[in-house]
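Participant: The primary structure of each chain is shown beneath.
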Amino acid sequence: MFNVLSSVLRYIFITAIYVFIFAIIRMIYKDIRGMVQQEEYVAAQSAPILRVIGYRDNSYHGPRNDYPLSKSKIVIGRTKSCDIMVEDMLVSNKHVSLWFEDNEWHIRDLKSRNGTWLNGTRIEEPYLLDDGDVIRVGEMELEFKV
Amino acid sequence: MLKILQKPIILFLITNVMVFGLLYFYRQPADAYILMAGGVVILMALMAYFCLTRFNWGDEYLFIIASMLVTLGVAMLCRLNYNVGVKQIIWYALGIIMFICTCIFFRYFNFWKNLQWVYFWTSVALLILTQLVGTTVSGAKNWIIVGGFSFQPSEAVKILYALFLASHFSKQNHKKYFDIPEKWVVMLAVYVYCAFFVLQHEWGSMVLFFLTYLVTLFVHGSSWKILALNLMVVGGVGWVAATQVSHIKVRVANWLDPFADAANRGYQTTQSLFAIASGNFFGSGIGLGKPQFIPEVHSDFIFSAICEEMGILGGCAVILLFFILIYRGFKIALAARGTEKWTATIITATFGLQTFIIIGGVINLIPLTGITLPFISYGGSSLVTAFISLGILQGISCKA
Numbered sequence: 001m002f003n004v005l006s007s008v009l010r011y012i013f014i015t016a017i018y019v020f021i022f023a024i025i026r027m028i029y030k031d032i033r034g035m036v037q038q039e040e041y042v043a044a045q046s047a048p049i050l051r052v053i054g055y056r057d058n059s060y061h062g063p064r065n066d067y068p069l070s071k072s073k074i075v076i077g078r079t080k081s082c083d084i085m086v087e088d089m090l091v092s093n094k095h096v097s098l099w100f101e102d103n104e105w106h107i108r109d110l111k112s113r114n115g116t117w118l119n120g121t122r123i124e125e126p127y128l129l130d131d132g133d134v135i136r137v138g139e140m141e142l143e144f145k146v
Numbered sequence: 001m002l003k004i005l006q007k008p009i010i011l012f013l014i015t016n017v018m019v020f021g022l023l024y025f026y027r028q029p030a031d032a033y034i035l036m037a038g039g040v041v042i043l044m045a046l047m048a049y050f051c052l053t054r055f056n057w058g059d060e061y062l063f064i065i066a067s068m069l070v071t072l073g074v075a076m077l078c079r080l081n082y083n084v085g086v087k088q089i090i091w092y093a094l095g096i097i098m099f100i101c102t103c104i105f106f107r108y109f110n111f112w113k114n115l116q117w118v119y120f121w122t123s124v125a126l127l128i129l130t131q132l133v134g135t136t137v138s139g140a141k142n143w144i145i146v147g148g149f150s151f152q153p154s155e156a157v158k159i160l161y162a163l164f165l166a167s168h169f170s171k172q173n174h175k176k177y178f179d180i181p182e183k184w185v186v187m188l189a190v191y192v193y194c195a196f197f198v199l200q201h202e203w204g205s206m207v208l209f210f211l212t213y214l215v216t217l218f219v220h221g222s223s224w225k226i227l228a229l230n231l232m233v234v235g236g237v238g239w240v241a242a243t244q245v246s247h248i249k250v251r252v253a254n255w256l257d258p259f260a261d262a263a264n265r266g267y268q269t270t271q272s273l274f275a276i277a278s279g280n281f282f283g284s285g286i287g288l289g290k291p292q293f294i295p296e297v298h299s300d301f302i303f304s305a306i307c308e309e310m311g312i313l314g315g316c317a318v319i320l321l322f323f324i325l326i327y328r329g330f331k332i333a334l335a336a337r338g339t340e341k342w343t344a345t346i347i348t349a350t351f352g353l354q355t356f357i358i359i360g361g362v363i364n365l366i367p368l369t370g371i372t373l374p375f376i377s378y379g380g381s382s383l384v385t386a387f388i389s390l391g392i393l394q395g396i397s398c399k400a
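Sequence order for the protein chains is D and V. Counted from 1, the first sequence has number 107 at position 107 by the numbering used here; the numbering is strictly sequential. Counted from 1, the second sequence has number 166 at position 166 by the numbering used here; the numbering is strictly sequential.
A hint or two may mislead.
Stated by the list, open to error - Partner residues aside, some chain V positions facing chain D, computed with beta carbon under 10 Å:
#1 Gln6
#2 Leu288
#3 Phe323
#4 Lys331
To be verified - Each computed BS3-like pair below joins lysine-lysine, with the alpha-carbon atoms no more than 25 Å apart:
#5 Lys7(V) with Lys30(D)
#6 Lys113(V) with Lys176(V)
#7 Lys331(V) with Lys341(V)
#8 Lys399(V) with Lys30(D)
#9 Lys331(V) with Lys113(V)
#10 Lys111(D) with Lys73(D)
#11 Lys94(D) with Lys80(D)
#12 Lys171(V) with Lys113(V)
#13 Lys331(V) with Lys71(D)
#14 Lys331(V) with Lys30(D)
#15 Lys111(D) with Lys71(D)
#16 Lys183(V) with Lys171(V)
#17 Lys183(V) with Lys341(V)
#18 Lys225(V) with Lys183(V)
#19 Lys30(D) with Lys3(V)
Simulated from the structure, these hints should not be mistaken for lab results. Virtual Cβ for every residue (Gly too), placed ideally from N, Cα, C.
Let the hints inform the model, and build the full structure from the sequences given.
Facilitator: What follows is the structure, given as structure tokens:
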């Protein structure tokens, strides 16, 4: 009696413990995700934004939205690992980076094939960004707003 | 149905009901007492959990993870030695009460933060008392027996030591004692603790206390000089001990090749390894293996018994449970401030190191030193102390 019960129960027993561990890890995961989202929300409220103001030839009708600069370093490019992904053949894999340092936002072209324009001039070296600056990446024009 | 299974407390309940149901059939004739004791303990744990969530007393996972570990321990102990298991259930009940009391105490009182030297001298007094009137049990003089009750002071010293280190490391300005900076005085105090454990032949506690100190120094990160000096001392003393002291020479030899003298000196380790190996993935089932061949199986070697009867999956589950327990501990430490931050860090580090030292010893990863596995091993002092430490963590998490 006991032997049969014990040999059957061992499987259920181990399953129950692992489901228990899984349930706790799941709760912890939800907990952390909630915290991260809260932080991102707070950061997004006060961060400057990149607003899409237009496309040069009006050929593209994708989403025209605001990108909050909620991290201290942002890369724009065509690959998924970029913080802002742009599906545009004229944009390089990693095209341009924006970063926050000494209380200022900086911009630097990451040696992209077709270049980055800031207020109509192509940039070769890092620049400081001011409110209202217009950045052109590929076909897309973005306005930097504090 | 699946939604219910996502709640840890329901799974805790299911596991407990299965364990005590199985233990009811283990003895011939079946003993209703175990059902009653099990029921009372499950109710107490549920009530404690209910209090924690209902009144928002901080972290809700710590207690339930620890309770799961105790359940596994009780299941093994009742199977190994029925009387020992029943005693452990009583200690478990006392532990839950102490847990709630400590949690409330550390939540509402603050005077415990500035008693650095009170903690030190209390622990020295306890250790001297052990030297004077202590009883030797299996090679280590670490028990005080008063009128039928036996008590292990080194377990209480563990908490005092954590509070002592925490109140030192959280200070911004350090005093000087006789023109010596405080950090050197504290280092000396740590060596005093270690010296007492050497006198008692309690190598496990000595290693545990010293490693806790090293980890805290590393986390504090202010005095690399002291950390480097201590690491050199470890290297030097360790080398001398491993080559000169006969007692430790035997242990190192056993660690390197337990099968060289499998019938005598390596008996414990080899039996433990055989038990783990015979467990396979799912184990033999509770009560169907032969873990009773391992000496000290109910205290130090309970992990090998778990591996034999619940399989390597059961053993991994125990380690995973400790992982999430320690993760929660460090998360509490990150959120806390001042002395509380350091208390939480040191207590969590102690749990982690203690688990590593004994599981490492049992699977022959590091030289074996006798020490209890927190929450699982048999021992009233050990279990109640673990619950008090957990209560301190819980109390700290209330405030953050």
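Participant: Could you run down the list of hints and mark each one as holding or not?
Facilitator: Do the hints match the structure? See the list:
1. A least Cβ separation of about 5 Å between glutamine 6(V) and chain D falls short of the 10 Å threshold, and the interface hint therefore holds.
2. Checking leucine 288(V) against chain D by beta carbon gives a least distance of about 6 Å; that is within 10 Å, so the hint holds.
3. Checking phenylalanine 323(V) against chain D: minimum C-beta separation of about 9 Å stays under 10 Å; hint holds.
4. Against a cut-off of 10 Å between C-beta atoms, the interface hint on lysine 331(V) holds, since the closest Cβ of chain D lies about 8 Å away.
5. Taken as a hint, the lysine 7(V) and lysine 30(D) pair is honoured in the structure, with Cα atoms around 13 Å apart against an allowance of 25 Å.
6. Restraint check: the Cα-Cα separation between lysine 113(V) and lysine 176(V) comes to about 19 Å, which is no more than 25 Å; the hinted pair holds.
7. At roughly 10 Å between alpha-carbon atoms, lysine 331(V) and lysine 341(V) fall within 25 Å of each other, so this suggested pair holds.
8. Of the pairs offered as hints, the one joining lysine 399(V) and lysine 30(D) holds, with about 22 Å between alpha carbons and a cut-off of 25 Å not exceeded.
9. As the CA atoms of lysine 331(V) and lysine 113(V) are separated by approximately 20 Å, the hinted pair is consistent with the 25 Å bound.
10. Between lysine 111(D) and lysine 73(D) the alpha-carbon distance is near 17 Å, which keeps this suggested pair within the 25 Å criterion.
11. Distance restraint check for lysine 94(D) and lysine 80(D): the Cα-Cα separation of roughly 10 Å lies within the 25 Å cut-off, and the hinted pair is therefore satisfied.
12. A C-alpha spacing of about 10 Å is found between lysine 171(V) and lysine 113(V), which places the hinted pair at or below 25 Å, so the restraint holds.
13. Distance hint between lysine 331(V) and lysine 71(D) is fulfilled; the C-alpha atoms sit about 23 Å from each other, no more than 25 Å.
14. A C-alpha spacing of about 15 Å is found between lysine 331(V) and lysine 30(D), which places the hinted pair at or below 25 Å, so the restraint holds.
15. At most 25 Å may separate the alpha-carbon atoms for a hinted pair to count; lysine 111(D) and lysine 71(D) meet this at roughly 22 Å.
16. Proposed proximity of lysine 183(V) and lysine 171(V) is supported: the alpha carbons are some 11 Å apart, at most 25 Å.
17. Between the alpha carbons of lysine 183(V) and lysine 341(V) the distance comes to roughly 19 Å, so the proposed pair stays at or under 25 Å and holds.
18. Using a Cα cut-off of 25 Å, the hinted pair lysine 225(V) and lysine 183(V) holds, with the two alpha carbons roughly 11 Å apart.
19. For the proposed pair lysine 30(D) and lysine 3(V), the alpha carbon gap of about 15 Å is at most 25 Å, so the pair holds.
Consistency with the previously given hints is maintained throughout, with no hint failing.
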